[in-house]
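**Student:** At position 86 of the sequence shown the residue is numbered 86 (this note's numbering), and the sequence of numbers has no breaks.
Hints are computed from structural coordinates only; laboratory data are not their basis.
Ideal Cβ positions, reconstructed from N, Cα and C, are used throughout, including at glycine.
Possibly wrong hints are sitting among the right ones.
Label pairs and their in silico Cβ distance ranges [as the list claims (entries may be wrong)]:
(1) Arg421 x Tyr518: 21 to 29 Å
(2) Ser154 x Thr426: 53 to 61 Å
(3) Arg415 x Ile581: 49 to 57 Å
(4) Val553 x Arg241: 35 to 43 Å
(5) Ala578 x Arg415: 34 to 42 Å
(6) Arg241 x Gln52: 23 to 31 Å
(7) Thr426 x Pro572: 31 to 39 Å
(8) Gly359 x Arg421: 34 to 42 Å
(9) Arg276 x Glu238: 19 to 27 Å
(10) Arg69 x Arg415: 54 to 62 Å
(11) Arg241 x Gly567: 31 to 39 Å
Quick list of in silico lysine-lysine cross-link-like pairs, DSS-like style, CA-CA up to 30 Å [unchecked claim]:
(12) Lys155 x Lys274
(13) Lys463 x Lys500
(14) Lys155 x Lys188
(15) Lys87 x Lys155
(16) Lys653 x Lys689
(17) Lys87 x Lys141
(18) Lys155 x Lys141
(19) Lys87 x Lys188
(20) Lys297 x Lys500
(21) Lys500 x Lys638
(22) Lys185 x Lys87
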Amino acid sequence: MRILRKFATGVAGCAGFVALAAAILWQLDRAFPPPLPAALTVSTEVQDRDGQLLRAFATPDGYWRLATRLDQVDRQFVEMLVTYEDKRFWDHQGVDVLALARAAGQFVTNGHIVSGGSTLSMQFARLTEPRDSRRFGSKLKQLLRSLQIERRLSKREILERYLTLAPYGGNLEGVRAASLAYFGKEPKRLTVSEAALLVALPQLPEKRRPDRNLAIALAARDRVLTRMVSSGLLGEREAARAALDDVPAIRRPLPALAAHAAYAVLPRAVAGQKLRLTIRKSVQEGLEQVARDAATKLGPRLSVAMVLADARTGDILGEVGSADYFDASRSGWIDMTRIVRSPGSTLKPFIYGLAFEQGLVAQETLIDDRPTDFSGYRPTNFDMGHQGDVSIRQALQLSLNVPAISVLDAVGPARLLARFRQAGVTPILPANKAPGLAIGLGGVGVTLRDLVQLYAGLANGGKAHTLHDGTEPANTERSTATILDDQANWQITDILSGVKPPEGAAQRGIAYKTGTSYGYRDAWSVGFDGRYVLGVWVGRPDAGAVPGLSGYVSAAPILFEGFVRSGLAAVPLPSQPAGVIRSRRDDLPVTLARFGSGADGLVQATPTEPAPTIVFPPDGAHVDLGATAADATPLVLKLQDGRAPFRWLANGKPLVGLDRRRTATWQPDGAGYSTLTVIDAAGRAASVKVFVE
1 MRILRKFATG
11 VAGCAGFVAL
21 AAAILWQLDR
31 AFPPPLPAAL
41 TVSTEVQDRD
51 GQLLRAFATP
61 DGYWRLATRL
71 DQVDRQFVEM
81 LVTYEDKRFW
91 DHQGVDVLAL
101 ARAAGQFVTN
111 GHIVSGGSTL
121 SMQFARLTEP
131 RDSRRFGSKL
141 KQLLRSLQIE
151 RRLSKREILE
161 RYLTLAPYGG
171 NLEGVRAASL
181 AYFGKEPKRL
191 TVSEAALLVA
201 LPQLPEKRRP
211 DRNLAIALAA
221 RDRVLTRMVS
231 SGLLGEREAA
241 RAALDDVPAI
251 RRPLPALAAH
261 AAYAVLPRAV
271 AGQKLRLTIR
281 KSVQEGLEQV
291 ARDAATKLGP
301 RLSVAMVLAD
311 ARTGDILGEV
321 GSADYFDASR
331 SGWIDMTRIV
341 RSPGSTLKPF
351 IYGLAFEQGL
361 VAQETLIDDR
371 PTDFSGYRPT
381 NFDMGHQGDV
391 SIRQALQLSL
401 NVPAISVLDA
411 VGPARLLARF
421 RQAGVTPILP
431 ANKAPGLAIG
441 LGGVGVTLRD
451 LVQLYAGLAN
461 GGKAHTLHDG
471 TEPANTERST
481 ATILDDQANW
491 QITDILSGVK
501 PPEGAAQRGI
511 AYKTGTSYGY
521 RDAWSVGFDG
531 RYVLGVWVGR
541 PDAGAVPGLS
551 GYVSAAPILF
561 EGFVRSGLAA
571 VPLPSQPAGV
581 IRSRRDDLPV
591 TLARFGSGAD
601 GLVQATPTEP
611 APTIVFPPDG
621 AHVDLGATAA
631 DATPLVLKLQ
641 DGRAPFRWLA
651 NGKPLVGLDR
661 RRTATWQPDG
671 AGYSTLTVID
681 AAGRAASVKV
691 FVE
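Produce the complete structure using the sequences and hints provided.
**Tutor:** Set out below in structure tokens:
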């Protein structure tokens, strides 16, 4: 009995000691908790619409540290990491007693550390509370901290935080930053070689950096592969194949896409939350590459801006504010998608669209293109020439200025601007100026985003959505408005779809329009298919003149290349709506046969052009064409003035049909005198007599 009492007393004493020790440890744990913030300080991430990284910003202390979840990391990498660093990670409570005993035994036997006994929990403790030295006291503190951490975090949370904080050399922390810097990709899918390198680096991150110590990094990777074979995680052949892979010798920059949008949304950053844009990463990459390549070809100080949007939703899928954000010579920091500039001729489709709505024109309605005085305003064409009688379709496709102003005079500049405002776009007029006819040729200010929003209405059957990219405040109102009715919209789309693509451009099946501002300061091209609309601006950010700059030559090739490189599948243009008629010229009613005749109160133009004159050959000239030879040379005929189209006659016989060119050729049928005559669209004629030898 006495023995039993002593045993019971001893057990009670031990239990009391254990309880007291547990109480003390509990109090110490509460008094000295581990430094575990609710959220780690990580880089601010700007993501695309699908959650892919567009751009990251370094932490305040200058580190690239990207928050990491296990589902973002290759599963085999995690298995290799646990096997190499802490094979009983999922079973212990923070300390691996067997590993510590093995490490102690090796130290006693060899006199130095052969392998460590640190668990991943202990390593994470060291990362959250860096030690001052490698002494026993620091190691003991790390061990105790790991026990505290295991009480507060799950195994998954510990591993995710370790993968976020693990050092990889320089200012790289975490497996995501390392994978992006060394391999140029997220660690979701890693090769065996890549996974092995990422396992090896955190042990000695500076010594093993592949961009500085390639041979050491290679050897460290191979040791991991060897350990994986001995652990049974890899087969010998698989490891041998992985050992043949090269180790990256350079450190890549982290993704830096959509710079202007990323900086615009940065003030809304909240710790621990990612910023999301409507941009699609693959589209953005393609457009930025096109802009860089184009700027290089265009020359110094010129920049390129682009906006690509989904016309059905208003989502901006790609936007390039400049050819290179960091290129000071091109003022790359300026977001040219939001800068007000003159749009040149890009507003003309909407002028004609209003005329279609009001029943003033049809596609084959004839209209004058000749020098005209609009109460003192005398517009001229880009090439300083005139075409005479043209159809509305031709006038828009050729971007003729006089016909566009004639139609604008009929529909009214104020009505055009009101329609723009209705669609969410407010053009900027010169100070204290009322809307005038000059707005039809670029005498008004708009941004590239404005133009894309207007053209998105054309691509969406006349319904324009407010464009957005995710940088707008949360309370920004998004609206939809009618810019043209569906019938007028189709007529304009049909005309623009017939504009000839630039030479060498890939056939995309798009409708597009170009424009060049006064003084060769801005070149524009905006195009769309059945869903997507892309706008391009080319010019100098300082608004300097660029001789030779034009929408068709400078911006249109970028437009077509941008559609191709965006990677978006082409969507066919909409089919002809029910009830819409595209009449032939002969079928038009009298009121639509010619625009501006005055019978219906429309524009009365003041003709100023002189009658046609044949300038070559001169009257009475003798020309030696070798008329008696079988291969006689044809005679080139040239004229000036008059109204196109023209009809040429030789000795009263027509040479060809109507021709808008001011040159023609004539093949004489023999030597002797001949009379050459030209008749213009107004019925005026000119003749010369020549002697052919």
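**Student:** Holds or violated: Lys500 with Lys638, Cα cutoff 30 Å?
**Tutor:** At roughly 27 Å apart (the allowed maximum being 30 Å), Lys638 and Lys500 satisfy the hint.
**Student:** Quick check: does the Cβ-Cβ distance between Arg276 and Glu238 fall within 19 to 27 Å?
**Tutor:** violated, 39 Å
**Student:** Is it true that the C-beta distance of Ser154 to Thr426 lies inside 53 to 61 Å, as the hint says?
**Tutor:** Since the Cβ atoms of Ser154 and Thr426 sit about 54 Å apart, the hinted range of 53 to 61 Å holds.
**Student:** So if I understand the rule, the pair passes when the alpha-carbon distance is 30 Å or less; does Lys155 with Lys274 pass?
**Tutor:** holds, 24 Å
**Student:** Does 31 to 39 Å hold as the CB distance between Arg241 and Gly567, or does it fail?
**Tutor:** Hint holds: Cβ distance 32 Å, inside 31 to 39 Å.
**Student:** Please verify whether Lys155 and Lys141 have alpha carbons no more than 30 Å apart.
**Tutor:** Holds - the C-alpha atoms of Lys141 and Lys155 are around 20 Å apart, at most 30 Å.
**Student:** Check the following: the C-beta atoms of Arg241 and Gln52 are separated by a distance inside 23 to 31 Å.
**Tutor:** This hint holds: roughly 29 Å between Cβ atoms.
**Student:** With a cut-off of 30 Å on the C-alpha distance, tell me whether Lys155 and Lys188 pass.
**Tutor:** Measuring from Cα to Cα gives roughly 20 Å; hence the hint holds.
**Student:** So if I understand the rule, the pair passes when the alpha-carbon distance is 30 Å or less; does Lys463 with Lys500 pass?
**Tutor:** With a Cα-Cα distance of about 26 Å, the restraint between Lys463 and Lys500 holds, given a limit of 30 Å.
**Student:** For Thr426 and Pro572, compare the CB-CB distance with the range 31 to 39 Å and indicate the outcome.
**Tutor:** At 32 Å between Cβs, range holds.
**Student:** Hinted pair, alpha-carbon criterion (30 Å max): Lys297, Lys500. Please report holds or violated.
**Tutor:** holds, 23 Å
**Student:** Would you say the C-beta atoms of Arg69 and Arg415 sit inside 54 to 62 Å of each other?
**Tutor:** Taking Cβ atoms as reference, Arg69 and Arg415 lie about 55 Å apart, which means the hint holds.
Violation of the numbered hints given earlier is confined to hints 3, 4, 5, 8, 9; the remaining hints are satisfied by the structure.
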